[in-house]
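Undergrad: What follows is each chain in one-letter form.
Protein chains: 2
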Amino acid sequence: MASYFNEERSAEIVNERMGRDINPRFREIMSSLVRHLHDFAKEVELTQEEWEFAIDFLTKTGQICSEERQEFILLSDVLGFSMLVDAINNRRPAGATENTVFGPFHVAGAPERTMGDNISLDGKGESCLFIGRVIDLNGAPISGAKIDVWSDNADGFYDVQQPNIQPKWNNRGIFTTGADGRYEFKGIKPVSYPIPDDGPVGQMLEHIGRHPYRPAHTHFLVTAPGFQKLVTHTFVGDDDYIESDTVFGVKQSLVAPFAHTPEGPTEWVSKFDFVLAPTHP
Amino acid sequence: MASYFNEERSAEIVNERMGRDINPRFREIMSSLVRHLHDFAKEVELTQEEWEFAIDFLTKTGQICSEERQEFILLSDVLGFSMLVDAINNRRPAGATENTVFGPFHVAGAPERTMGDNISLDGKGESCLFIGRVIDLNGAPISGAKIDVWSDNADGFYDVQQPNIQPKWNNRGIFTTGADGRYEFKGIKPVSYPIPDDGPVGQMLEHIGRHPYRPAHTHFLVTAPGFQKLVTHTFVGDDDYIESDTVFGVKQSLVAPFAHTPEGPTEWVSKFDFVLAPTHP
Numbered sequence: 002m003a004s005y006f007n008e009e010r011s012a013e014i015v016n017e018r019m020g021r022d023i024n025p026r027f028r029e030i031m032s033s034l035v036r037h038l039h040d041f042a043k044e045v046e047l048t049q050e051e052w053e054f055a056i057d058f059l060t061k062t063g064q065i066c067s068e069e070r071q072e073f074i075l076l077s078d079v080l081g082f083s084m085l086v087d088a089i090n091n092r093r094p095a096g097a098t099e100n101t102v103f104g105p106f107h108v109a110g111a112p113e114r115t116m117g118d119n120i121s122l123d124g125k126g127e128s129c130l131f132i133g134r135v136i137d138l139n140g141a142p143i144s145g146a147k148i149d150v151w152s153d154n155a156d157g158f159y160d161v162q163q164p165n166i167q168p169k170w171n172n173r174g175i176f177t178t179g180a181d182g183r184y185e186f187k188g189i190k191p192v193s194y195p196i197p198d199d200g201p202v203g204q205m206l207e208h209i210g211r212h213p214y215r216p217a218h219t220h221f222l223v224t225a226p227g228f229q230k231l232v233t234h235t236f237v238g239d240d241d242y243i244e245s246d247t248v249f250g251v252k253q254s255l256v257a258p259f260a261h262t263p264e265g266p267t268e269w270v271s272k273f274d275f276v277l278a279p280t281h282p
Numbered sequence: 002m003a004s005y006f007n008e009e010r011s012a013e014i015v016n017e018r019m020g021r022d023i024n025p026r027f028r029e030i031m032s033s034l035v036r037h038l039h040d041f042a043k044e045v046e047l048t049q050e051e052w053e054f055a056i057d058f059l060t061k062t063g064q065i066c067s068e069e070r071q072e073f074i075l076l077s078d079v080l081g082f083s084m085l086v087d088a089i090n091n092r093r094p095a096g097a098t099e100n101t102v103f104g105p106f107h108v109a110g111a112p113e114r115t116m117g118d119n120i121s122l123d124g125k126g127e128s129c130l131f132i133g134r135v136i137d138l139n140g141a142p143i144s145g146a147k148i149d150v151w152s153d154n155a156d157g158f159y160d161v162q163q164p165n166i167q168p169k170w171n172n173r174g175i176f177t178t179g180a181d182g183r184y185e186f187k188g189i190k191p192v193s194y195p196i197p198d199d200g201p202v203g204q205m206l207e208h209i210g211r212h213p214y215r216p217a218h219t220h221f222l223v224t225a226p227g228f229q230k231l232v233t234h235t236f237v238g239d240d241d242y243i244e245s246d247t248v249f250g251v252k253q254s255l256v257a258p259f260a261h262t263p264e265g266p267t268e269w270v271s272k273f274d275f276v277l278a279p280t281h282p
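Line by line, the protein sequences give chains A and B. My numbering puts the last residue of the first sequence at 282; the count rises by one with no breaks. My numbering puts the last residue of the second sequence at 282; the count rises by one with no breaks.
Some hints could be false.
Unchecked claim - When the alpha-carbon atoms are kept at most 30 Å apart in a straight line, the in silico DSS-like pairs for lysine-lysine are as follows:
hint, chain 1, residue 1, chain 2, residue 2
1, B, 230, A, 43
2, A, 252, A, 272
3, B, 61, A, 61
4, A, 43, B, 190
5, B, 125, B, 252
6, A, 147, A, 43
7, A, 272, A, 147
8, B, 43, A, 252
9, A, 61, B, 43
10, A, 190, A, 147
11, B, 252, B, 187
12, B, 43, A, 230
13, B, 252, A, 43
14, A, 43, B, 43
15, B, 190, B, 230
What the hints assert, rightly or not - Computed from the model, here is a short list of chain A residues facing chain B with C-beta under 7 Å:
hint, residue
16, 4
17, 20
18, 40
19, 41
20, 59
Hints in this document: simulated from the structure, not taken from any laboratory. For clarity, every value in this text was computed on a predicted model and none was experimentally measured. The beta-carbon is built from N, C-alpha and C at its ideal position, and this holds for glycine as well.
Bound conformation, chain A alone:
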């Protein structure tokens, strides 16, 4: 009788049913999830019709997923859940460059480039020189750091979204720092773009009165032995969407300067230092 369902103790009853010899971490996660899900339903007094709507939404979200599309990650992103998980797992000492979401467009194995190379292979967009250093918390240069960079092209698409239009590895490359910790390469000043909004997540955004845009940004994955992996972007500060990134990826410290150069109105320079935190403080 003790285990029969009742509304008041619903979550406890479900959680008490778990076996004795299960993985303790899985028990902790599932217990908390069940408690919060039940609290949610009770708080809003979810109706049967709303439950049916939710079942249908989740089903459609799963069914639109494919090799090229991950709608559940998109859902996690627009609800700020991805950024929260990123934040929880990447708390850093003051002064270290902050993390932000990894996103779905990184491709492992990009070509190794030489400092000064241009990673924009399609000749589109406004040229930008990216310069700076990879340093530790004391400002000392980090030698042998790998800077894996990727961004959209001037039309707002990553190369993998347009395999028949853009050159392979367009706006991608890996640079390795020398003893001075410096990096320097050419690319484009990135542009803002909408996340795929023709599926269930796009419809949800419309219902909650939000746009699907991300402000212009360049992705960086910076690694060096003895230091925490840094997954981040630099953002263009005057972007229309800088204060309303649909995936909540912007942090104040990641808004980078993009300055004009004497070479012309479509020539930019963006200087940004990556400060890595040590693996073992």
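Following the hints, position chain B against chain A.
TA: Positioned in the frame of chain A, the structure of chain B alone reads:
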């Protein structure tokens, strides 16, 4: 700056982003959902790998859904969420028969039967006479009540799960009460069965140390003008799984007597009155 992400105010920041002119109920639901999801991630300090596991689980759960299978409903069921939503939406005055989950196996349009008919068409299983009355809270008979009944067969499958094996409408039928409110029909003493456990939900049950079985039950949908729709089961009390229904559908008041009859060891009688609550108390 105010809307940039930070860990501490993560849920508020996401919710503040919602538009002004959206459906107030949708705002209430989404705000609560975001708050509880973020609280969950913070409480367990969800790791990146666990997040990836969850994304993969949800994706597989969506992708296994088909015309014949609804894995997200199954997930909701085994987490007690379906029962909770049912409970919230069907609070009844004392004395009224309690609701339980509808389940995925009801089929609209079952044949109208005459009192006394046998709904078991495949000749399998132990015969059972179901008798009782449909009455109001004062014990007065309700005339013209429709009793839509469905159950598995003796092998533990509903007819729709075995379209090429069982006769169509096996163990299904609709009965209409007369002035005395009485019903009477023959069927089988139902048997316990596992929910479909060869998908992601089955794997989850295994990880939390739970079996996939439902105790034996007969489904009833009882409707009458002026009364609240009753969606319920009656359960066989001595079933091995009566205290551990994997979807938490059992309530003490729904455990029905199944008594032997003088006709033989495989002949049963189960007497149960359905007490309907008025639509407008």
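Undergrad: Each hint needs a verdict: does it hold in this structure or not?
TA: Verification of the supplied hints:
no. : hint            : result
1   : B:230 <-> A:43  : 22 Å, holds
2   : A:252 <-> A:272 : 17 Å, holds
3   : B:61 <-> A:61   : 12 Å, holds
4   : A:43 <-> B:190  : 36 Å, violated
5   : B:125 <-> B:252 : 28 Å, holds
6   : A:147 <-> A:43  : 49 Å, violated
7   : A:272 <-> A:147 : 17 Å, holds
8   : B:43 <-> A:252  : 19 Å, holds
9   : A:61 <-> B:43   : 28 Å, holds
10  : A:190 <-> A:147 : 21 Å, holds
11  : B:252 <-> B:187 : 24 Å, holds
12  : B:43 <-> A:230  : 22 Å, holds
13  : B:252 <-> A:43  : 19 Å, holds
14  : A:43 <-> B:43   : 20 Å, holds
15  : B:190 <-> B:230 : 25 Å, holds
16  : 4               : 5 Å, holds
17  : 20              : 2 Å, holds
18  : 40              : 6 Å, holds
19  : 41              : 4 Å, holds
20  : 59              : 5 Å, holds
When held up to the earlier numbered hints, the structure conflicts with 4, 6 and fits the remainder.
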